[in-house]
Structures are given as C-alpha cells and as structure tokens.
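Trainee: Residue strings, one per chain:
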Amino acid sequence: DVKVTQSSRYLVKRTGEKVFLECVQDMDHENMFWYRQDPGLGLRLIYFSYDVKMKEKGDIPEGYSVSREKKERFSLILESASTNQTSMYLCAILRRGDRLNGYTFGSGTRLTVV
Amino acid sequence: GEDVEQSLFLSVREGDSSVINCTYTDSSSTYLYWYKQEPGAGLQLLTYIFSNMDMKQDQRLTVLLNKKDKHLSLRIADTQTGDSAIYFCAESHTDKLIFGTGTRLQVFP
Chain A
797 DVKVTQSSRY LVKRTGEKVF LECVQDMDHE NMFWYRQDPG LGLRLIYFSY DVKMKEKGDI
857 PEGYSVSREK KERFSLILES ASTNQTSMYL CAILRRGDRL NGYTFGSGTR LTVV
Chain B
13 GEDVEQSLFL SVREGDSSVI NCTYTDSSST YLYWYKQEPG AGLQLLTYIF SNMDMKQDQR
73 LTVLLNKKDK HLSLRIADTQ TGDSAIYFCA ESHTDKLIFG TGTRLQVFP
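Read top to bottom, the protein sequences are chains A and B.
The opening position of the first sequence corresponds to residue 797 in the numbering used here, with each subsequent residue numbered one higher.
The opening position of the second sequence corresponds to residue 13 in the numbering used here, with each subsequent residue numbered one higher.
Derived by calculation from the structure, the hints in this document are not laboratory data.
Just so you know, not all the hints are guaranteed correct.
Unchecked claim - No farther apart than 20 Å at their CA atoms in a straight line, the calculated lysine-lysine pairs in the PhoX-like style are these: (1) B:K108 / A:K853; (2) A:K814 / A:K799; (3) A:K866 / A:K799; (4) B:K68 / B:K80; (5) B:K108 / A:K867; (6) B:K68 / B:K82; (7) A:K849 / B:K108; (8) B:K108 / A:K851; (9) A:K866 / A:K849; (10) B:K48 / A:K799.
What you are looking at is a predicted structure, and each value in this text was computed from that prediction instead of being measured.
Turn these sequences into a full structure, and let the hints steer you where they fit.
Mentor: In structure tokens:
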C-alpha cells in the first residue's frame, strides 16, 4: 500500500512562530502537493512540486513556502504563523502521468494558531 | 479559471439512495473523480470516470457524466450510516487536480 505520512495529526502554535509541516511518501512518486481544507471552501492548493528542488505556487501561496530536498519529503513552512492559517493541511502525491489512480492523501494535520 | 462546485449538505434516510451533484467549468478535463473523507481522515479515492464515458457503475456507486452540461453526479444506492462523510468531486486535465467544496452527507436512521 502507498503510504503518505504527515508527521503530526494535531499541532498548536503561537502567532509569529515558524511552523514546519512534514510529508513523507514511500512510493517514489514525482508529484507532491500541499492543500489546506476549510469548511465551505473545499481544498485549496498552496504549493506543489514536480520533482526534487522544484516547486510551483498553487492558488493560495501567500504566507507559505515549501522545501523539497529529497524526493520522498515535501515540507510546508509557515514563516510567521497567523490565526488565519488555522486549518486542516493535507499532503497528496501522484505518480507523474498516472491520473487514472488519482491522488493519494495523507491523514492530514490540523493546525491551530493561537 | 477552473472551478468546481457542489452543494454543501445532503441529508438522507438509511436505505434510500443519495445523489451528490457537481458542476465544473473546464471543458478539457480528462478525468473526473469522487473522493470520500471520513471524520478526522484524509481523502480516499472512491471512483473516477474518464471524460469519454457517460456512466460508470461500481457496486452501490453509479457515476453519471453529462459532458455537454459539465455535470457530474454520484449516486449511492441503499445508503448506510457508514456512508456519512464529506464527498469531493475533482477534475483534471493535467497532473494538478481541482477539487470542489465538498458535500457533507448525513445519513439518519
């Protein structure tokens, strides 16, 4: 089974803190994605990566950055956390060109910024 | 830009059929998907349909695609309490999927 592991299920951070959300996959898939999920807004794409050291902005990149130094790991960074970044964060992976099987998702990290 | 819309809530009685609807704007979509999210979990792929198909059936699930109207639906026959979840439709014509807002299905006895 494909595994997508997000390091924390729940996180509570203070306003202004630097926050790292980690996503690790064990299937050697090229594409990795970070979404945030908010009630009534669905999933919104923050950043994605097609390969190591490559990154592309999604629809809502402001306030976030990413790092992909190794193929299996895609990190989402909140440079200075704010309360409006309280959300559920979901990581997803996709083998390049294999849209038949869709994304595989991690279990999500629920982040609360106080 | 691309947009995918769903109604936010649906409530059905156990044993009835549920129909969850979705509209999308991108006429070049090649794959359309239905995902299920149970409480506290990530999204799980339920089924997909290729854009040159009208219908796909998989046990209790039936997907209908009206490409002319850009309308996708998911029918769940004999809905059970375990079907209570949020259902997302998604479309793609690249490796980037565009998701709808999600429909929360509540099944009551």
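Trainee: Does A:K851 sit within 20 Å of B:K108, going by the straight-line distance between their CA atoms?
Mentor: Holds, at roughly 13 Å.
Trainee: Would the hint linking B:K48 and A:K799 be met if the CA-CA limit is 20 Å?
Mentor: holds, 17 Å
Trainee: Is the Cα-Cα distance between B:K108 and A:K853 20 Å or less?
Mentor: holds, 12 Å
Trainee: Hinted pair, alpha-carbon criterion (20 Å max): A:K814, A:K799. Please report holds or violated.
Mentor: Given pair A:K814, A:K799 is violated - Cα atoms ~27 Å apart, limit 20 Å.
Trainee: Holds or violated: B:K68 and B:K82, Cα atoms, limit 20 Å.
Mentor: holds, 16 Å
Trainee: Would you mind confirming whether the straight-line C-alpha gap from B:K68 to B:K80 stays at or under 20 Å?
Mentor: Answer holds: B:K68 to B:K80 is near 17 Å, not above 20 Å.
Trainee: Keeping to a limit of 20 Å between CA atoms, is the pair of B:K108 and A:K867 held or broken?
Mentor: holds, 18 Å
Trainee: For the pair supplied as a hint, A:K866 and A:K849, confirm whether the alpha-carbon distance does not exceed 20 Å.
Mentor: holds, 8 Å
Trainee: Are A:K866 and A:K799 close enough, with their CA atoms no more than 20 Å apart?
Mentor: OK: A:K866 and A:K799 at ~16 Å, within 20 Å.
Trainee: Does A:K849 pair with B:K108 here, judged by a C-alpha cut-off of 20 Å?
Mentor: holds, 18 Å
Hint compliance for this structure: hint 2 alone is broken.
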